[in-house]
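In case you want the letters, here they are:
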Amino acid sequence: MSIERNVDLMKWSGPKRPYDLVKEFVIALVVVTVLVGACAAIFSSPDERAITLQDWAKKAPADFVATTNGELAGTTISASYGPPYNSAGEGLQIGPLKIQKWAGVTTPVNPATDFVINPLQLSTDLSIPASLQMWKAASLEEQTTWANNYASAIGKAGDYSKVVPDNSFGPVPSITSGLLAMAQGGQLDGILTTAVSPFPSDFTMPMLFIADGTYFDDLGAAQHLHGDQWGMMNETGSYPGQSWLWLFSSMYQFEPFKSSENADPQIFAVLMLLTLGFIFLPKIPLINRLPRLIPFHRLIWRRYYRENNL
Amino acid sequence: MLLSAISLNGPAKYLNWGAISLSIPNLIMIALIVLLFVLALAIPFPTHKGK
Numbered sequence: 010m011s012i013e014r015n016v017d018l019m020k021w022s023g024p025k026r027p028y029d030l031v032k033e034f035v036i037a038l039v040v041v042t043v044l045v046g047a048c049a050a051i052f053s054s055p056d057e058r059a060i061t062l063q064d065w066a067k068k069a070p071a072d073f074v075a076t077t078n079g080e081l082a083g084t085t086i087s088a089s090y091g092p093p094y095n096s097a098g099e100g101l102q103i104g105p106l107k108i109q110k111w112a113g114v115t116t117p118v119n120p121a122t123d124f125v126i127n128p129l130q131l132s133t134d135l136s137i138p139a140s141l142q143m144w145k146a147a148s149l150e151e152q153t154t155w156a157n158n159y160a161s162a163i164g165k166a167g168d169y170s171k172v173v174p175d176n177s178f179g180p181v182p183s184i185t186s187g188l189l190a191m192a193q194g195g196q197l198d199g200i201l202t203t204a205v206s207p208f209p210s211d212f213t214m215p216m217l218f219i220a221d222g223t224y225f226d227d228l229g230a231a232q233h234l235h236g237d238q239w240g241m242m243n244e245t246g247s248y249p250g251q252s253w254l255w256l257f258s259s260m261y262q263f264e265p266f267k268s269s270e271n272a273d274p275q276i277f278a279v280l281m282l283l284t285l286g287f288i289f290l291p292k293i294p295l296i297n298r299l300p301r302l303i304p305f306h307r308l309i310w311r312r313y314y315r316e317n318n319l
Numbered sequence: 002m003l004l005s006a007i008s009l010n011g012p013a014k015y016l017n018w019g020a021i022s023l024s025i026p027n028l029i030m031i032a033l034i035v036l037l038f039v040l041a042l043a044i045p046f047p048t049h050k051g052k
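Note that the protein sequences, when read in sequence, are chains A and B.
Residue 10 is where the first sequence starts when you use my numbering, and the numbers rise one by one after that.
Residue 2 is where the second sequence starts when you use my numbering, and the numbers rise one by one after that.
Quick caveat, the hints were computed from the structure, so don't treat them as lab data.
Owing to the predicted nature of the structure, the values given are computational and were not obtained by experimental measurement.
Don't take each hint at face value.
Stated by the list, open to error - Dumping the calculated DSS-like pairs for lysine-lysine here, alpha-carbon to alpha-carbon at most 30 Å:
#1 A:Lys267 - B:Lys14
#2 A:Lys171 - A:Lys67
#3 A:Lys165 - A:Lys68
#4 A:Lys165 - A:Lys67
#5 A:Lys20 - A:Lys292
#6 B:Lys14 - A:Lys67
#7 A:Lys20 - A:Lys32
#8 B:Lys14 - A:Lys110
#9 A:Lys171 - A:Lys20
Make a model of the complete structure from these sequences and hints.
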């Protein structure tokens with residue numbers, strides 16, 4: 010260690026040569042600019058149309074209704090996620106470290122109220138106010154029972170449209186159908202994108218809602234964008250993706266991360282440990298001797314070693 | 002609006018080996034990166050006259 014320190018402090022007595030760093034920088038900048046411009050002109054960029062709640066409601070109404078009912082029953086991912094959206098779960102954690110719980114509920118989301126009940130108050134459907142009144146007047150137990158009964162009926166029938174009306178569902182069919190109509194008409198997109206801020210720039214609500222269904226998930230799977238499909242490396246269409254994320258992406262393919270619900274923070278932690286390994290590489294025994302065992306640098310600097318008989 | 006000469010918005014093809022799944026566009030990019038790396042090693046630095 011002391012030898013290395015001395016080498017760092019020693020004045021270089023070997024051969025020197027001029028090197029125009031500015032010239033190299035300008036050449037690299039020009040070459041990269043021309044390449045980027047040419048590639049953009051020839052290949053353009055990924056142009057995947059944004060998926061809206063209206064698309065979802067029109068193309069997969071059964072999934073929309075089932076998901077809306079799931080929000081009312083409190084059985085969806087966002088309803089049971091925990092921090093930062095609610096206190097229904099533990100949130101992501103690394104072993105005993107409940108990292109999301111530490112940060113707390115910073116973006117409060119009550120899926121039943123925010124995705125379903127509140128938007129429906131703006132519905133022009135004349136049957137909705139009575140349904141909403143019935144829902145709000147009921148106890149949490151009654152609400153859950155109605156939604157669970159409707160979920161079972163949908164499960165048995167295979168589709169909400171084949172479910173035979175029954176009083177055991179309470180106002181749930183009216184509520185879900187009312188929201189479906191609002192979504193198909195496009196109003197729900199406007200309401201949910203302005204739920205957090207007055208400008209339609211915060212997509213937290215519509216993103217959480219659409220991610221609770223299977224429609225969005227299936228679209229991602231079709232484009233190979235799921236974590237277990239090396240999706241972190243992939244791009245939509247036939248564009249090359251982020252191949253440099255191969256190490257991150259590879260970890261999602263193998264156990265224990267593949268089936269872990271906390272794969273994201275766990276893999277992040279492993280990568281941070283590996284990054285620390287890179288930072289302290291010169292101090293790690295054996296690893297810091299690898300250049301002596303595998304003298305790859307001699308290939309890169311072969312002329313220097315040849316000319317100086319090293 | 003200018004249209005790009007080559008549209009890449011169609012679905013990509015994927016190569017699968019066990020747990021590994023790699024898109025052809027990514028494979029091409031990785032091959033180009035490796036090629037550039039090999040060229041950087043093989044092509045000598047320009048001679049510096051002022052040496």
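Here is how each hint holds up against the structure:
The hinted pair formed by Lys267 (chain A) and Lys14 (chain B) meets the criterion: a straight-line CA distance of about 23 Å does not exceed 30 Å. Using a Cα cut-off of 30 Å, the hinted pair Lys171 (chain A) and Lys67 (chain A) holds, with the two alpha carbons roughly 17 Å apart. Restraint check for Lys165 (chain A) and Lys68 (chain A): satisfied, since their Cα atoms lie roughly 22 Å apart, inside the 30 Å limit. A distance of roughly 23 Å separates the Cα atoms of Lys165 (chain A) and Lys67 (chain A); the hinted pair therefore holds under the 30 Å criterion.
Between the alpha carbons of Lys20 (chain A) and Lys292 (chain A) the distance comes to roughly 23 Å, so the proposed pair stays at or under 30 Å and holds. Restraint check for Lys14 (chain B) and Lys67 (chain A): the C-alpha separation of about 29 Å stays at or below 30 Å, so the hint holds. Of the pairs offered as hints, the one joining Lys20 (chain A) and Lys32 (chain A) holds, with about 27 Å between alpha carbons and a cut-off of 30 Å not exceeded. A hinted pair counts as satisfied when its Cα atoms are at most 30 Å apart, and Lys14 (chain B) with Lys110 (chain A) does not qualify at roughly 41 Å.
Under the criterion of a C-alpha separation no larger than 30 Å, the hint pairing Lys171 (chain A) with Lys20 (chain A) is inconsistent with the structure, at around 84 Å.
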